[in-house]
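Protein chains in written order, with this note's numbering: chain H, 1 to 91; chain R, 1 to 992.
Errors might be hidden in some of the hints.
When the alpha-carbon atoms are kept at most 25 Å apart in a straight line, the in silico DMTMM-like pairs for lysine to aspartate or glutamate are as follows [what the hints assert, rightly or not]:
no.	chain 1	residue 1	chain 2	residue 2
1	R	Lys166	H	Asp38
2	H	Lys23	R	Glu741
3	R	Lys877	H	Glu33
4	H	Lys65	R	Glu611
5	R	Lys872	H	Glu28
6	R	Lys387	R	Glu97
7	R	Lys889	H	Glu74
8	R	Lys878	H	Glu28
9	R	Lys431	H	Glu74
10	H	Lys23	R	Asp698
11	R	Lys889	H	Glu28
12	R	Lys889	H	Glu35
13	R	Lys878	H	Asp38
14	R	Lys889	H	Asp38
15	R	Lys166	H	Glu12
16	R	Lys877	H	Asp34
17	H	Lys65	R	Asp251
18	H	Lys65	R	Glu741
19	R	Lys877	H	Glu74
20	H	Lys23	R	Glu775
21	R	Lys431	R	Glu534
22	R	Lys645	R	Glu769
23	R	Lys877	R	Asp698
24	R	Lys878	H	Glu74
25	R	Lys878	H	Glu33
26	R	Lys878	H	Glu10
27	R	Lys688	R	Glu775
28	R	Lys889	H	Asp34
29	R	Lys166	H	Glu35
30	R	Lys877	H	Glu28
31	H	Lys23	R	Asp251
32	R	Lys872	H	Glu12
33	R	Lys688	R	Asp743
34	R	Lys877	H	Asp38
35	R	Lys166	R	Asp594
Worth flagging that the hints you see were computed from the coordinates, not collected in a lab. Remember, predicted model here, so these are calculated numbers, not experimental data.
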Amino acid sequence: MRIVCPFCGERELGEFTYLGDAKPVRPEAGASEDEVFDYVYLRDNVAGQTSEYWYHGGGCRAWLKLTRNTLTHEISSVEPAAGVGARQAVK
Amino acid sequence: MTSQSHRLTSGGLIDRSASLNFRFDGKAFSGFQGDTLASALIANGIKLVGRSFKYHRPRGILTSGSEEPNALVELRTGARREPNTKATTAELYEGLEAASQNRWPSLRHDVMSVNQLFAPIFVAGFYYKTFMWPAKFWEAIYEPAIRRAAGLGRAAGVADPDHYDKAWAHCDVLIAGSGPAGLAAALAAGRAGARVILCEEDFSLGGRLLSDGGTIDGVPAAEWLSRTLAKLADMPDVRIMPRTTLFGVYDGGTYGAIERVNDHLPSPPEHQVRQRLWRIVARRCVVAAGAIERPIVFAGNDTPGVMMASAMRTYIARYAATPAKRVALFTNNEDGWRTVETALGAGLQIAAVIDARPDISPAHRSLASKSAFPVLHGSVTGVDGGKDGVRKIAVSLTGDARAEVEADGLAVSGGWNPAVGLTSYHRGRPKWRDDIAAFVPDGAPPGMVAAGAANGDFGLSACLSQGFAAGAAAARDAGHSGKAGTAPVADDEAFSLTPLWHVAGKGKAFVDYQHDVTASDIELAQREGFESVEHLKRYTTLGMATDQGKTSNVAGLAIMAAVSGRSIPETGTTIYRPPYVPVAIGAFAGHHRDETFHATRLTPSHHWAVEQGAVFVDTGLWKRAQWYPRAGEKDWLDSVTREVKAVRGGVGFCDVSTLGKIDVHGPDAGAFLDRVYINTFSNLAVGKARYGLMLREDGMVYDDGTTSRLAEDHYFLTTTTAKAGLVMQHLEFCRQVLFPELDVQLTSVSDQWAQFSIAGPKTRDLLKEIVDPAEDLSNEGFPFMGAREVRLRGGLKARLFRISFSGEMAFEISVPARFGGAMARNLMLAGAPFGVTPYGTEALGVMRVEKGHIAGPELSGTTTAADLGLGKMMSTKKDYIGRVMAGRKALVAPDRQVVVGIKPTDKARRLRSGAHIIPKGQTPGPDNDQGYVTSVCFSPTSDQWIGLALVERGRERIGEIVHAHDPIRGEDYDVELCNPVFYDPDGGRQRG
Ligand SMILES: [Zn+2]
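Looking at chain H on its own, in the form it has when it is part of the complex (with noise of 0.2 Å):
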């Protein structure tokens, strides 16, 4: 598998450490636990699309946000995640 990080390029999977899910957020400081339960423990079994965090720790360092198909492990999109990598790099 190959993923092309926004800042490296087309890079070998060795580099990237996958966490998993990117759609759950972060509930606001004050959420009720079910609410921060959910956001830990909640996953769809999607097959298709989905979006996913990979860290590109053998490379750029940055979090990224991959829409991939877990069907076809094809691999439509890759950006920076919450687009904080992306102001790093234009700086």
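Given the coordinates of chain H, assemble chain R with the ligand onto it according to the supplied hints.
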């Protein structure tokens, strides 16, 4: 030495000037350069090469390629002995030694062949059925017997002396196979300007051209082949890799290939690897892997001397070796007849052609009459002959008549199966093509296309034109617009086939030769309800041997289809999975073995520590000094005890550079740390350090360490050694993904700083010798938990932290990593008057247990801050990672197991970690298991063994005597629960 009795006097692609000696089962033979072990055995008249897996039936050579199910041998001797090596692909070399498998005491007289008499119990599903027998019988009698009887060869049993390599390659167009389709593809892609890699598993390039000849572009195939190879050699961007099998395709156009660099030599030349595992990244891939001829299932089809028709051609034409003197052919298609032509051309007799088709071509009819051999319309129903090979062939003719043919070799062709492995590895299911009665690729992984025989188009003309077109298209898709020129041409060849899978008859008819699966096994599986192909495969083990069913799978499906009344496409295929050929684990490991299994990290003072005679311990990738033995010390405990006493009574130092170190910069650095630690850092004064604890978002403790504020917008954070990389990754996640609004940057500086802990009451005396006299190191000028940059004598800048893990008056000092060795030497010099003692990780660990500090064993991923006695650190005034989940009911339950100290009631007893804590007087069991011992040490300060344990309600039970139960070591003893801080509980020493 036996003469090569079955070698033709001329012809073949062998080098008759290079005679090679080899041994098979101890007997000496000779062959030629260019032989495989199989062709050399055939040239010497050897027909019997092995015994089968279950029934120990005599077996001969069936094929001439990597699909071989029978001719598996132990190749080489000693540490290089490799079982299950295919004689059909093993290149002959001088001194080769091979042994047949599955026989005892000898190949010709194998006692286990009595298994054939027990055949009724070895039927399909035999393993599953046998498991249902009484356990006692299974364990005592059956299993040991099976283990003796089954199995395929013996592993060397000692370490592999050879080296293996792993490498990457990149190209525009990757081509599998160097037959006519592959070479045409390479020509087209190369001319268009693409970077091409062509992998060929054989040591000679050309594929079937080497055996079948033909005419291409008006010249004999051999001439076209040498011209084409010369053209390709002139293209600098075309790389041809012989002895290399493309075995798998992975996501993103990544392919796996195994190159047998030196398997054709007795042992690899010095400094060379035996095999190399390639990962090839290709924009496009043309699979020109050809097709595999398939057997017809009939009684006795495993008799030595029964051989695939194409293999027989190969042995005769390519190797000038004659598998038989008098050949019969059993075919259901046009292509099988080529073997007759080749055999006649070599001067062999044709006993008969048994053709299952209703009619044959006029050309073949006239060939038969010209060469005076009978053509029998019918099928082979049985073969007479044992370990000496085929003698007589029974034929059932159309219209119930029978015939007998006398021959010493039977060539069989049941048609051809395209090699659909590579195209199907991404769960692709091949589709059925009626005209060739075979599965062909139906789509392929992105970027891949099949051409020629691999695509079901067997004729030479089709192979050339399809291969060429595929190569040109692949180059174009990869962005190369050069002119590919025109495709090579050949005459079209007819291919007609009447499907025939199984001929009914008396006796065992084998489908899967390597796993001894017969037609009746498949019928039995169907009767017992295992109709699905995936069930059939597992119930009968069809196609599960090392050959992956290359010659057997489709025939097995066809027989299942027939008995279950379905069509073959309805029956379907099993899922195809890589690797296409067996790949040694050693090749996957490459150089990652023994001392180079992983990278080794050395601390900045490593070389100095080596000079000191330190004993090292592996912690993750690091080598850390564990203790420094001195003359006269009888064991590690002597050394460690001395080191602890030296620190507690004077001064010592320890390299702690392995801690993870992260610089946190930015106006929001404090706010950021507040969110990742349970305690607050934004209010930490500049020049101060604070112990911090991080949770995971699920509320469990993640990591701990000391973080110092060196400037308003600059913190220096440390992590544990084990979590250094993970914490960096976690903090980057928090910074980039969770809290992008914070203006903060993280820099890993773990490798930039050499850090030493200097501890003991004389620490300040030693430091004064090192640090510039202008720096105030007094308790007022540098109080406990102070942290700041200082200047050393000589001008070097260092970071100094007054923190203590040992419980003594202590500092940690950081200098740029390149000065780490010098710093250790300086500390020794400057500390000599104070008796300075270097100490290792063991003494460090002893002192931390004495102080009740938590470390790895307590930070187990299942402990909360409160479990560790650090619950009060959890701020209630802010949000932080893990805060909400840490408040869950079960995580704050009063009966949780918490950290407590333990000491044995018998002061002389040694403690060991891992022992379970049970209430005193109770019989140990899962119901009253109240925790376990996490860390132990011999405490020189307490003069006895002490430890830390996680114990249910432990803090409420200080003073209670409990039972320690250690079933692994068979130890039972009492311990007292106590305050985990054994040494200087009020902390006066570290503040002094
Ligand atoms: Zn990157």
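Quick rundown of the hints versus the structure:
1. R:Lys166 - H:Asp38: violated (43 Å)
2. H:Lys23 - R:Glu741: Judged against 25 Å, a Cα distance of about 19 Å means the pair holds.
3. R:Lys877 - H:Glu33: It holds: about 17 Å lies between the C-alpha atoms, which stays within 25 Å.
4. H:Lys65 - R:Glu611: violated (49 Å)
5. R:Lys872 - H:Glu28: Status holds; Cα separation ~23 Å.
6. R:Lys387 - R:Glu97: holds (22 Å)
7. R:Lys889 - H:Glu74: Given pair Lys889 of chain R, Glu74 of chain H is violated - Cα atoms ~42 Å apart, limit 25 Å.
8. R:Lys878 - H:Glu28: holds (12 Å)
9. R:Lys431 - H:Glu74: holds (23 Å)
10. H:Lys23 - R:Asp698: Holds. Lys23 of chain H to Asp698 of chain R sits at ~17 Å (cutoff 25 Å).
11. R:Lys889 - H:Glu28: Within the cut-off at roughly 21 Å; holds.
12. R:Lys889 - H:Glu35: holds (15 Å)
13. R:Lys878 - H:Asp38: holds (21 Å)
14. R:Lys889 - H:Asp38: Answer holds: Lys889 of chain R to Asp38 of chain H is near 16 Å, not above 25 Å.
15. R:Lys166 - H:Glu12: Given pair Lys166 of chain R, Glu12 of chain H holds - Cα atoms ~15 Å apart, limit 25 Å.
16. R:Lys877 - H:Asp34: Between Lys877 of chain R and Asp34 of chain H the Cα gap is close to 21 Å, so the pair holds against 25 Å.
17. H:Lys65 - R:Asp251: holds (18 Å)
18. H:Lys65 - R:Glu741: This hinted pair holds, its Cα atoms lying about 18 Å apart.
19. R:Lys877 - H:Glu74: violated (45 Å)
20. H:Lys23 - R:Glu775: violated (53 Å)
21. R:Lys431 - R:Glu534: Given pair Lys431 of chain R, Glu534 of chain R holds - Cα atoms ~17 Å apart, limit 25 Å.
22. R:Lys645 - R:Glu769: The given pair, whose Cα atoms are some 22 Å apart, holds under the 25 Å limit.
23. R:Lys877 - R:Asp698: Distance ~19 Å between Lys877 of chain R and Asp698 of chain R Cα, so the pair holds.
24. R:Lys878 - H:Glu74: Not satisfied, since the Cα-Cα distance of roughly 41 Å exceeds 25 Å.
25. R:Lys878 - H:Glu33: Cα-Cα ~16 Å, so holds.
26. R:Lys878 - H:Glu10: violated (41 Å)
27. R:Lys688 - R:Glu775: Holds - the C-alpha atoms of Glu775 of chain R and Lys688 of chain R are around 16 Å apart, at most 25 Å.
28. R:Lys889 - H:Asp34: Distance of about 12 Å is within 25 Å: holds.
29. R:Lys166 - H:Glu35: Not OK: Lys166 of chain R and Glu35 of chain H at ~47 Å, beyond 25 Å, violated.
30. R:Lys877 - H:Glu28: Between Lys877 of chain R and Glu28 of chain H the Cα gap is close to 14 Å, so the pair holds against 25 Å.
31. H:Lys23 - R:Asp251: With Cα atoms ~24 Å apart, Lys23 of chain H and Asp251 of chain R stay inside 25 Å; holds.
32. R:Lys872 - H:Glu12: violated (45 Å)
33. R:Lys688 - R:Asp743: Distance ~22 Å between Lys688 of chain R and Asp743 of chain R Cα, so the pair holds.
34. R:Lys877 - H:Asp38: Given pair Lys877 of chain R, Asp38 of chain H holds - Cα atoms ~23 Å apart, limit 25 Å.
35. R:Lys166 - R:Asp594: holds (16 Å)
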